[in-house]
Each structure stands twice: as structure tokens, then as C-alpha cells.
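Based on these hints, arrange chain B on the given structure of chain A.
Given next are the chains, with one letter for each unit.
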Amino acid sequence: MRSRLPVVLVLPAIAGLAFLLVPLAGLLVKAPWASLPTQLFSAEVGQALRLSLVCASLATVVCLVLGVPLAWLLARGDLPGRGLLRALVTVPLVLPPVVGGVALLLVLGRRGVVGQHLDQWFGISLPFTTAGVVLAEAFVAMPFLVISVEGALRAADPRYEEAAATLGASRWLTFRRVTLPSVMPGVVAGTVLCWARALGEFGATITFAGNFPGRTTTMPLAVYLALETDPDAAIVLSIVLLLVSVAVLAGLRDRWIRA
Amino acid sequence: MKRVLAFVLLLAGCSTAQPSPSTPNITVFAAASLTESFQKLGKEFEAAHPGTKVTFNFGGSSALAQQINQGAPADVFASAAPANMKQVTDTGAITAAPTTFAKNTLQIAVPQGNPGKVTDLADFAKADLKIALCAEQVPCGAAAKKVFAAAGVTAAPDTLEQDVKAVLTKVSLGEVDAALVYRTDVRAAGAKVEGKDFAEASGAVNDYPIAPLAKAPAEAKDFVNFVLSERGRAVLTEAGFAAP
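Sequence lines, in order, name chains A and B. In this text, residue positions in the first sequence follow this note's numbering: the first is 53, and each later residue adds one. In this text, residue positions in the second sequence follow this note's numbering: the first is 6, and each later residue adds one.
Hints were generated in silico from the structure; no laboratory data involved. Don't take every hint at face value.
Chain B is faced by these chain A residues, among others (derived, beta-carbon under 7 Å) [what the hints assert, rightly or not]: (1) Leu157; (2) Arg163; (3) Pro179; (4) Phe180; (5) Asn263; (6) Phe264; (7) Leu277.
By construction, the Cβ of each residue, glycine as well, lies at the ideal position given by its N, Cα and C atoms.
So here's chain A without its partners, still in its complex pose (with noise of 0.2 Å):
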């Protein structure tokens, strides 16, 4: 038998809800709806958006490959300061955006740290390029990859892993078999809040990669500048990134999911 649902609960949940979903529907209001398919058609924007998703995609990537070994050694290595470890890992969330910009061109820029000798020895120079979008907008979303990973890790049950253990696996083959499948639902939400912020940043790409039509500039900056002279054709902008980026969020989580 089903109880009723508390109204403790469902009021604020209603105005929770509310309160996310009244902002987007008050740029859906004001939106200039007729000049929404040129905009949405017109060169510059399809550069943007394509740049925009593979950007996105590209740094998903990125915090994938080094976010989920990040995670696996943040809930099962042993190590000392593990706490202090955890608490760093979480500094790009907190940390303004345009700051981490300012830091990755203090280590990766021409006279960086790193990144003079980037340039000196192999010739790279990563402000001003795609491959500078990406850095930032990993730097950016890998937090929320790792958070999400690790405490799927911990919550998940270490006797499965001693079975395999006992039954003679190693540790990587127990990792691929046993752990990643446990705790796959984690790294799918992970890995779509990773997409989403790196979609949506703005203040380290513009910071470090700058703003190049058609090799830095996504569509948040390109949003950005055309609210200085143009705040309709910003409207219009920030509705296609909104519609695209929940058409992809829908499709793959479900097929994720049900995977």
C-alpha cells in the first residue's frame, strides 16, 4: 500500500522546482522567437555550439582518464593527509573561475612555470588554442567527476572486492571487473555534471584560451559579448545552448541508465 507523499517534503520540493525552473522560463518569455531560427542557422553560431560540444566533450574525456583513477585513490588508497587530499581536489569548485584561469596561465602560459618550457623545447604554446579550451574546462568540471566517483567508492560494498581478491584476481583486474561495474551509476551522473560545467564555462576558458571565433570562442562567451550590444541575439544564444545541451543530457542518461 502506497502512503500519501509528507507536505513537508513536496512544498519545497514544488519551490524548489520552482525556483530553478522559473528563471529559464522568463528567458523563454522574453526570447525574440522570430529571429530565432536565423540566429540559430547562421554561421558564427554553429561554429560556437560546435566548439562548445566537442570542447566539452574533449575535457569529459579528459577528466575521465585522470578523474576515476583520482577517485579510486581518494577512497581506497592509503594514504597519509588523505582528508587535506580531498579537500585540495575540491579547490577548482570553489576557486572564481576567471582565478583558475589566471592560475593555468601562471603554470601552462609562455612565461609559465610549466609552460616556458612547453615552448622552449617542444615549440607548444597552449593559450589562444582549442586545446587550451579543453585544459580549462577540464580543470573547471573534474571536481564534480571525482566527488561523484569516490563517493559511489566508498559507498560501495569492499567484500566484493576481497572475494575477487581471494579467488586470486590482481587489483587492476578487480578494479575493471568488479569495481567500475559497482559503482557505474556514479561515474554516468559524474560524467554528465561534468559535461554540463564544462558546457556552460565561461570565466578560465575566456581567461586562459581567450576568445577566437571558431578556436576559442563557445557559445558562453559568445553569449557574453553579444549581451554587450545585442542582449536579444544573447536570449537566443543561451536558448540554444539550453535546448541542445538538455537534448543530449536526456538522450544519453537514459540509455546510459538503462545500460
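Using the frame of chain A, we list chain B on its own:
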């Protein structure tokens, strides 16, 4: 409980001790590039007019014009462009004729030591140099576009930044070899940024108009006159502005 009550009474006492509204306070809305020079002039004005308090609201000129037209309590408006002043005179919020009190010109900004050996505007076309410009949507970018068109130079920028401060960050960190910004911005950026004059700069000179608002007290007009005085001119020149 008693202690809380005493605290509340104390606060209430404080609020009544504040100056009465009859004290001549003036609020000056001024373009962000005037921040340092106007703050200095404001202090000097307060010293010369005991009892008068000058409050500033610095920001982008277009945003300030919008705020004034929507009823923000401004007494004086100093804009970085005649177009934004016109937005306010058009609505009748300002009836006096605005006076141009300063001019700002573009300068080539290079990192300390000029690693890219940039000397004139033609260097902005070199593909091997890293170049930062303001985006066309913001005033410094529009001015740069005008200068390049007049000089017949096709600039090869690596980035189009969202504002002057962002451009200067990249210059002072040495991430770019050259940028085009206003002379006053170079002056304000300190020792890590060097400014270089170039001949074509006269093609995009920015006029700064000032005017008191129609409903402002008499002190607003006094402040405008102080900005236009010899002393005002001296402070503005120090900040890198040219005389009108």
C-alpha cells in the same frame, strides 16, 4: 534578553545620529576609466567644500546611462563617449549642454622589455607575434577597428578580449606581445606594461563629456566646474588623458 534590548537601542541611537538629508551630498556617475582621477578630485572637492560629500558610481558608460534613465539617483554624469551622454540628454534627464573635459587615445601596450620588438601598428599584422585586442562589441575594440581600417593594416589577433582589464592581464603576464588599449589604461596598469605612441592614433580619439543632471543641487554644477578647472585638468593629465 536585556543585553539584546540594549544592543537594539544602541543601533537605533546610531541611526538617528546619521547626517540629516539637508547636508549637500552629490552622487557622481562616471566611466570606469575615470576611477582613479575622479576619486582624487572628489577628495579635493570635499576638502574645499566642508560638509559636502561626494559619492561615486563607476561603471561602463552604457550601463550608467541606462541606470540614470531608469531613475538612479545621479547628480553628475561623466561619460566615456558622447553617444552614451546623448542617451541621457535625449530623455531630458540632463538639460544643460555637456562639456568635453578630456580626450583619450589608443596606445600600443607591450610587456615590460618589449620581447616582441613591437614598434608600430604594422607589427599587428605579423602572424608570429601574439596579439590581443578588445572584442569589437566593447568600446576599445571598436576604436581599434577604426584605427586599423584608417591605417590599412589587417591585424592578426590571437584573442579578442571581453574588456580592457582582460587585455592588460595578458600583456602584464607576457602572454601576448602587443595589444591596443587606451593610454590611461596603460598608465594605470603599472610597470609591467609599456605604452608606445603611434601616428595613426589620432584617427580614433575618444571624447569624454560631463554634465550635471537637471534636478541636481547647485553643488553638482560646482563639481563639474572643478573638473573643468586648472586643477581638474592637471589630475586628468597625470592619469594620461589629453586636454579637450
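Original post:
So which of the earlier hints does this model not fit?
Top reply: No numbers; nothing is violated.
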